[in-house]
Amino acid sequence: MRRLRSTLVPYLLILPGGLWLVVFFAAPLIFLISMSTQTGDVVSGFTQNFNWHNYVTGFSDYHSQFIRSLLYGGLATVLCIVLSYPTAYWIAFRGGARKSTYLFLILLPFFVSFVLRTISWQYILGDNGLILEPLKSLGIVSQNFRVLATGTAVVGGLTYNYLPFMVLPIYVALERIDFRVVEAAYDLYANRVQAFTKVILPLSLPGVFAGVLLNFVPAASDYVNAAVLGGPNNTMIGNIIQDEYLSLQNYPIGAALSFTLMAILLIGIFVYARALGTEQVLEAGAA
Amino acid sequence: MTENNFPDDDPVLMRGMTQRRRSGIGRAMAPGYSRREAFGLGGLAAMGLGLAACGVAGAGKASSTGQVQSAAKKFWAGKKKHGHVNFANWPLYIDTSHETLKKFTATTGITVSYAEVIQDDPSWFAKIDPIIRSGQSIGYDVMVVTDGFEFSELVALDELIPLDQTMLANFHKYASKKFQNRSFDPGNTYSIPWASGSTGIAWNPKYITTPVTSINDLWNPAYKGHVGMMSDIQEIGNFGMIKLGIDPQSSKPADWQKAATALTQQRNAGIVRQYYDQSYINALTKGDTWITMAWSGDIFQQNLSSGSNLQFVVPKEGGNIWTDNMMIPKYAQNPVDAMTLIDWFYKPEIAAMLTESINYITAVPSARPLIVTAASKAKGTDKQTLTEVADSTLVWPTAAVYNRLFNYVDVSGKLKDQYSSIFQPVVAG
Amino acid sequence: MSVSVQAPPEGPGLRPEPPRPPRRRRRKRVGDRLLFLYTWVVIVWLALPIAAVVLFSFNNPRGRFNYTWVGFTLKWWGPKLFEYPSLTKAMANSIVIGVIATLLATILGTFIGLALGKYRFRGQGATNLVQFAAISAPEIVLGSSLLTFFITLRLPLGYITIIIAHVAFCVSFVAITVRSRALTLDPYIEEAARDLGAGPWDTFRLVTLPMIWPGVLAGALLAFALSIDDFITTNFVAGLQVQTYPLWIWGATKEGLPPQVDVMGTIIFAAGVLIAITNAVRSRRRPA
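Residue numbers (the working numbering), protein chains in the order written: chain Z, 74 to 360; chain E, 221 to 649; chain S, 3 to 290.
Calculated from the structure, these hints are not laboratory results. Heads up, some of the hints might be wrong.
[Claimed, not checked] Chain E residues, not near chain Z, derived (Cβ > 12 Å throughout):
no. : residue
1   : Ala292
2   : Lys300
3   : Ile330
4   : Thr430
5   : Asp637
6   : Ser641
[As the list claims (entries may be wrong)] Using 27 Å as the maximum straight-line C-alpha spacing, the simulated DSS-like pairs for lysine-lysine come out as follows:
no. : chain 1 : residue 1 : chain 2 : residue 2
7   : S       : Lys91     : E       : Lys603
8   : Z       : Lys209    : E       : Lys506
9   : Z       : Lys271    : S       : Lys120
10  : E       : Lys599    : S       : Lys77
11  : E       : Lys322    : S       : Lys91
12  : S       : Lys120    : Z       : Lys172
Here the structure is a predicted model, which is why all the values come from computation and not from measurement. Think of the CB as a built atom: it goes at the ideal place given N, C-alpha and C, for glycine as much as any other residue.
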């Protein structure tokens, strides 16, 4: 009886949330896949004729945007790790009783609307704005230098907007680490660097993995930052999907592009998980 | 010397065409989508009404004028007044005190529920299209939508009620002929103008010292990297054609190709810094751009708000004119009351009240002398404002200016798809 | 059940902990200080745009556009703040929806994360896949398919549909965060609890939940931030009557965002900072 109950437990746990997602996510997703092989337009209707050509067209026309999105997303993710890891480390190990306060402070700017934040960045990063004006008058950068309407601004925007999604998971993983394990390493004559690389870092990897997931995926599919902060040559695949759906009302191509993007990201995630050997590290750490 | 160089000492000239709500502070400023974008949402949602695996039947078809008129007669026969009307409009698009509506209720006994729920055409269309397709009322009897893709699509999908022309006495009597037979709605079958505005070129005299007069100035390599263009493909499509001397209102796909080529050349030469929505005003003020496509009202508002000295002109080759129109959505519950309200705004004194407050181009020329009279009776800043409104050639464009202003290309369905696929790559890359 | 513990004998020669070598302690301090600085640089950088928002809440433009600094004024902070009742209502809507959606998403997501992290079961791969897919789907796809769904079912669009949509995209974020925490759960502690006679619910309540709590809290915070700032999906499913804060802001940007919006943003931020400070002060008083 006990064995049966414990076998059922995971299924019972995922039931409510899983059901929600099946109804309100998976079903619409299947519809999306179905749409991606249709042809037609809004007024005269769409017909399902298993037109796989949509995928070919989509990919060949927009492969540069795909690559650019993966690039920007990847850069933003790496930058996020660089910025988040030390921060999460400090909060987890040195934050003391005020840990949740610091986490809250990190999330606080995101309660002020995205629109306001982006307007502010446009203001701050203007060609003759708060930051560039003094730099230009000091001669540190040329008069023609600009940040807005470049790829740099887009990556910066992506990093900024998705930072909390990296800080929180890394913090969660680090906080779990029992410092006595680290002390044991010291007792075994490890120096600080070794203690970090051989003990703390591997134990925090699940958090980093979660952070990369929550970061890279939305960042690569993002379009807002590219549209606001980027120029005509910084469009990401998200912008194209937007346009296909909304401006061109070319739903089959839009759906095909969406599904291709999702597939690329999912494959990337599984390859990454495999390479990291995340599962084994965890089992070893938990024992 | 063109009559469209608005001198500095004429601030209200700009005020004439105050900013009209387009797609938000940049199709991406807000994590939303441009007017063009959300337009597709409704269709997208409609797609799902069919089974997932099968194709979906298109909705609606364009009918001939004769069919429409007989359908209209059948519809309006026997319809009665209910005593209430629900009016959906854009924010800040009516006289502040709602005096126009109060007088309406006092005179006709019909109560009005006024809601400022329309934020932009595409998302409005996206919201109402699926509801109308499923045969339900959207809860409003009168709504204000711009001429453009959304309007064309509403007509093509048969989602508007053809107006009862017998209830438009004021309109037929007082409206200027220019607004009585527009290319996108001949005979005012479905729509009556609410307000109009124009698109031209704005520049910052701090960076550009020779006054701008021609549309070619937007293509000037001397301004490389500092030119702003709009991301709305209806706007830039028109500008591309105007540059080549093509009349957008009678243009064909071949013309669109030529215009797109000119726009692409402008983009590939690095002349365009960015394709903006409303945030062009921000960029222009800060000096990120020196010259940009603009709505005149924005320039006026910015000059007023911050004391800047931005300049505006409708190029000598031409500019765009847009009109926001009142119309009745299908399945509206109070159509007769809706017609009464629509015609009400064509009484000259009501049109004057509206124009005094919102400062847009009105379709009622006889409102102007009424404003002049009101100005003479007013005092202080009110008097100054009213005088400027009455005198502004932006609120009352001359015939010469009108002749230079073009409507958007009026297409729907497959032609619209063609138009979009030609111009979208210019903006999206 | 109390256990008496004898205090360790005090005296000069007997200390409870061996002393650390002084060299290590000094290096730790420098490293610590750098980390502390780094953390605060990140926090300040995150808050930088907010500084601009605060600044412009005191701006005094004569017209409707608030893009250029003109002059200082306090007038937007007075009764003029409520010039836009629809803004206040929109803000209230956003908070209510955010709280409800966060609660639901956190509960559902925690269960999923727990299942994925603690157990090995068939369908685990598929569940993982669905979670990852849920975050990689572009919002525009989520929004439009949900709208279609609701219309077909003739569900009236409004609060309920918004909450449903928000939960749908927040659940996976919570699940993944909790999962990474649940993966490191020590099963022996739970076994020990059961050996001591605790039933499954008690075990969960008193042992598991506290252990995964940081993950749950982090997931909840993420969900709330996602929900309160969501635009695309909400715009699809909000219908014609309900306004949320991001929707209102977007509608207003076309007229030019009035300074009242900056004031509201400042108030939200200040309230948050106040909560953070109160929490910090309170936790200082608590024994560490």
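Here is what the structure says about each hint:
1. Once the 12 Å rule is applied to beta carbons, E/Ala292 is consistent with being away from chain Z; the minimum gap is 22 Å.
2. Separation of E/Lys300 from chain Z is adequate, the least Cβ-Cβ distance of about 34 Å exceeding the 12 Å criterion.
3. In this structure E/Ile330 is separated from chain Z by more than 12 Å, as the shortest Cβ-Cβ distance comes to about 36 Å.
4. With 12 Å as the threshold on Cβ separation, the claim that E/Thr430 sits away from chain Z holds: the shortest Cβ distance comes to roughly 21 Å.
5. Residue-level check failed: E/Asp637 sits 5 Å from the nearest beta carbon of chain Z, not beyond 12 Å.
6. Chain Z draws E/Ser641 into its interface by the beta-carbon criterion, the shortest separation being 6 Å against a cut-off of 12 Å.
7. Using a Cα cut-off of 27 Å, the hinted pair S/Lys91 and E/Lys603 is violated, with the two alpha carbons roughly 36 Å apart.
8. The straight-line distance between the Cα atoms of Z/Lys209 and E/Lys506 is roughly 15 Å, inside the 27 Å bound, and the hint therefore holds.
9. For the given pair, Z/Lys271 sits about 24 Å from S/Lys120 by alpha-carbon distance, which is consistent with the 27 Å threshold.
10. Distance hint between E/Lys599 and S/Lys77 is fulfilled; the C-alpha atoms sit about 26 Å from each other, no more than 27 Å.
11. In summary, the hint linking E/Lys322 to S/Lys91 is supported, as the alpha carbons are separated by about 25 Å, within the 27 Å threshold.
12. Annotation: proposed proximity of S/Lys120 to Z/Lys172 holds, straight-line Cα distance about 25 Å (limit 27 Å).
In summary, the numbered hints that this structure violates are 5, 6 and 7.
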